[in-house]
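> Residue-level listing of the chains:
There are 2 protein chains.
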Amino acid sequence: MIGKLNHVAIAVPDLGAAAAQYRDTLGAHVNPPQDEPDHGVTVVFIDLPNTKIELLHPLGDDSPIAGFLAKNPSGGIHHICYEVDDIMAARDRLTAAGARVLGDGTPKIGAHGKPVLFLHPKDFTGTLVELEQV
Amino acid sequence: MIGKLNHVAIAVPDLGAAAAQYRDTLGAHVNPPQDEPDHGVTVVFIDLPNTKIELLHPLGDDSPIAGFLAKNPSGGIHHICYEVDDIMAARDRLTAAGARVLGDGTPKIGAHGKPVLFLHPKDFTGTLVELEQV
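Here the protein sequences come in this chain order: H and C. For the first sequence, the UniProt record's numbering gives the first residue as 1, with consecutive numbering after it. For the second sequence, the UniProt record's numbering gives the first residue as 1, with consecutive numbering after it.
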């Protein structure tokens, strides 16, 4: 069911420093920051030849990653995103298997403008998994 | 400098349950477990179309991931691995930029039989980064 790994998201306390490190020290292609007010984050996408890294930094007072950074002040890997062809079919298969979908179970439009869902980390080896319909 | 994302490694408390979840619930291609006594882990590789997920479980009494699982009993993302063409050149560039290489700075042979190094998470946004020469 799952397809490609769309991205690995890393929450960072200093977006400029993290972007510079990926650009200058690791020599990767780093895109300009994008504010995503609907998601409470500013993101920097890093293009690798086969997938993307998504650096996340809180935007606004009610960011969903503020708590994560409070617990992990140096930053850390926040979630991984797998691509699916049909997000509603994926949701139904997952919930039938006992997995919990975060929120009300309705896909939202993610940072790439496509429908996304998040699965409860407790149901997936402690890992926050995002599914994105591509 | 960095190339493809070679894999995302997830430490799991129950390797059989995690492998079954990826195979049966997420519908991914899951390979048989491999013991890696030199690394103190048993690994299960999951093939995605563009990269791999590496499930890790402690092997033996002195596993390097035992502490991680003690702190994260449900499991969690342990490290990400980027490919490089020349691991010695990568090491020299990173240490010149102030990054710390774990251990004595000499590449070891990783789970894929290729030279690897790990970078100190504090120097990389709280993320344990493995570099693998391909």
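Derived by calculation from the structure, the hints in this document are not laboratory data. Keep in mind that a hint or two might mislead.
All copies of an identical chain are treated as equivalent in the list; a pair is satisfied when it fits inside any one copy or across any two copies.
Stated by the list, open to error - Derived DSSO-like pairs: lysine-lysine, alpha-carbon spacing no greater than 30 Å straight-line:
id	residue 1	residue 2
1	K52	K108
2	K108	K122
3	K52	K4
4	K52	K122
Model, not experiment: these values are computed from the prediction.
> If a hint holds in the structure, say so; if it doesn't, say that too.
Evaluated hints:
no., hint, result
1, K52 to K108, "both (20 Å within a copy, 27 Å between copies)"
2, K108 to K122, "within (21 Å within a copy, 33 Å between copies)"
3, K52 to K4, "both (11 Å within a copy, 9 Å between copies)"
4, K52 to K122, "both (25 Å within a copy, 21 Å between copies)"
The structure is consistent with each of the numbered hints, conforming to all of them.
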